[in-house]
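Chemist: Below are the chains, spelled out letter by letter.
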Amino acid sequence: MALASTLLFAVVAWFAVTNSPGWPRVQATFFSPSAALESLPDIARGLLVNLQVLVVGGLLVLVVGLGTAALRTLRGPAWAPLRILATVYVDLFRGMPLIIVLYLVGFGFPALGLQGVPTSPFVLGTAAIVLVYSAYVAEVFRAGIESVHPSQRAAARSLGLTHRQTMRIVVLPQALRTVTPALLNDFVALQKDVGLISVLGAVDAVRSAQIQVGQTFNFTPYVVAGLLFVLLAVPSARLADAVTARARRRQQSGSLL
Amino acid sequence: MSVLELRGIMKAFGENVVLRGVDLAVDEHRVVALIGGSGSGKSTLLRCASLLETVDDGQVLLDGEDVTDPRVDADRVRRRMGVVFQAYNLFPHLSVLDNVTLAPTAVHGRPRAEAVEEARGLLGRIGLADKALEYPDRLSGGQQQRVAIVRALAVRPRVLLLDEVTSALDPELVGEVLALVREVAGQGMTIVMATHEMGFARQVADTVAFLDGGVLLESGPPGQVLGDPEHPRTRQFLARVIDAGRL
Chain C
1 MALASTLLFA
11 VVAWFAVTNS
21 PGWPRVQATF
31 FSPSAALESL
41 PDIARGLLVN
51 LQVLVVGGLL
61 VLVVGLGTAA
71 LRTLRGPAWA
81 PLRILATVYV
91 DLFRGMPLII
101 VLYLVGFGFP
111 ALGLQGVPTS
121 PFVLGTAAIV
131 LVYSAYVAEV
141 FRAGIESVHP
151 SQRAAARSLG
161 LTHRQTMRIV
171 VLPQALRTVT
181 PALLNDFVAL
191 QKDVGLISVL
201 GAVDAVRSAQ
211 IQVGQTFNFT
221 PYVVAGLLFV
231 LLAVPSARLA
241 DAVTARARRR
251 QQSGSLL
Chain W
1 MSVLELRGIM
11 KAFGENVVLR
21 GVDLAVDEHR
31 VVALIGGSGS
41 GKSTLLRCAS
51 LLETVDDGQV
61 LLDGEDVTDP
71 RVDADRVRRR
81 MGVVFQAYNL
91 FPHLSVLDNV
101 TLAPTAVHGR
111 PRAEAVEEAR
121 GLLGRIGLAD
131 KALEYPDRLS
141 GGQQQRVAIV
151 RALAVRPRVL
161 LLDEVTSALD
171 PELVGEVLAL
181 VREVAGQGMT
191 IVMATHEMGF
201 ARQVADTVAF
211 LDGGVLLESG
221 PPGQVLGDPE
231 HPRTRQFLAR
241 VIDAGRL
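Each protein sequence line maps, in turn, to chains C and W.
So for the first sequence, full-length UniProt numbering puts the first residue at 1; every next one is plus one.
So for the second sequence, full-length UniProt numbering puts the first residue at 1; every next one is plus one.
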């Protein structure tokens, strides 16, 4: 039944679009098979750049995000400066649009003309993405850390574990389990946002498509790049769903996890 | 010299003054039962004694050393005490065995094989050897609490602090936990326990101490405090307990 209604809807939508007066033009400029085939190799090569940013950036985001969350959850007056610093960082980069951070980092740093500051759009683009995403992920981690009941900390400390051991052995493993679905969702978002480094001139999938569009005035390469990003995102999205469902089952089985 | 001595412990949470200068000395191999209504400060007193709370005033002495001195490393002091909580507080992401071996290996630096062997021995003694690799949520409340007691004992503490360890249990599971506490006490462990189980306190404790409104009103042998209390507040409290059918 679900399948039948979905098919029916698809068929209706298909006819509505293909019978619209502008369809032949749209088909030629956005869905040209020959243009698609021609652009595919370059775009695929560009996608490798995106994948590199994704892997390097993703790992850095985990480290920086977790570090920031750890700073924000420090207790005691002595840690106030670090706590405030971490809070300001999170507020700033969670509020600022990614594209503006990309411009500021990507064009601002090289303009300083400092020795040793990298000018590669790949490096600067990754840095900007890490700055923004770490702020998000820090909040996810913080929520996870705070979801672990204080009695768990008390039990750990009563055994003589230090604050650091308590975090590493008792709190973080439980927090991670809670936040994995949310982290995977952020990862799916990151997968497409890595395409934004093209604004700095890095020749990634989006930029490759743009170059070909500029040469041929046919927009098909954009569609090709878009579809490649979707293909990339689907497995992670399904994984996120599966993990979320598993977490929910655990909760419903009455487990404290 | 007492193993654990509390001197003039004061503790307030904001406006709420919970402890108003409590003195208590616990000698080696002795069992002290803290009784009193809810809100009388029993739990807070135990949390202060185990350095899970910082006292506002007063001292905690462990083997004669003032461990509330700010120069003392509290982490090192906590290693020498065992605490068991009302809600068990086992680590849900660790197996029963790992719960028990965590402190011996991570805190006391003992070789894992040795810690595992000892933990298995302890679990065997409480009849839970076959549960060693299970996760806590597969155990009953009584089993979890017995594991929590074993976890606290695995660090060979100088003193065991029990905070209403049967209060969260279904009535039919209380017996197995009390039996274990009785056995541990029988082996000579120094114990301070906050409890509502007056019958158990009478049988196992050497001293019963009655806390009321953050003040230790009277303490003495169980026969005296529970049987013939001096203080009218103690008599009122015990009368209420008897009405509730718990003595």
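Because the hints were derived from the structure by calculation, they are not lab data.
All residues carry an ideal CB built from backbone N, CA and C; glycine is no exception.
Any given hint could be a false lead.
[What the hints assert, rightly or not] Simulated restraints on C-beta separations:
hint : chain 1 : residue 1 : chain 2 : residue 2 : range
1    : C       : Leu74     : W       : Glu114    : 54 to 62 Å
2    : W       : Asp69     : C       : Ser147    : 30 to 38 Å
3    : C       : His163    : W       : Gly14     : 19 to 27 Å
4    : C       : Pro110    : W       : Asp69     : 31 to 39 Å
5    : C       : Gly113    : W       : Pro70     : 31 to 39 Å
6    : C       : Ile84     : W       : Asp69     : 46 to 54 Å
7    : C       : His163    : W       : Ala168    : 20 to 28 Å
8    : C       : His163    : W       : Gly188    : 29 to 37 Å
[Claimed, not checked] One-sided and incomplete, this derived list gives chain W residues near chain C with beta-carbon spacing under 8 Å:
hint : residue
9    : Leu52
10   : Asn89
11   : His93
12   : Leu97
13   : Ala103
[To be verified] Cβ-to-Cβ under 10 Å is the rule here; a few derived chain W residues that face chain C:
hint : residue
14   : Met10
15   : Phe13
16   : Arg47
17   : Ala106
18   : Arg110
19   : Leu161
Chemist: Checking against the hints above, which ones are violated?
Modeler: As far as the earlier hints go, 1, 4, 5, 6, 12, 14, 15 and 18 are violated by this structure, in ascending order.
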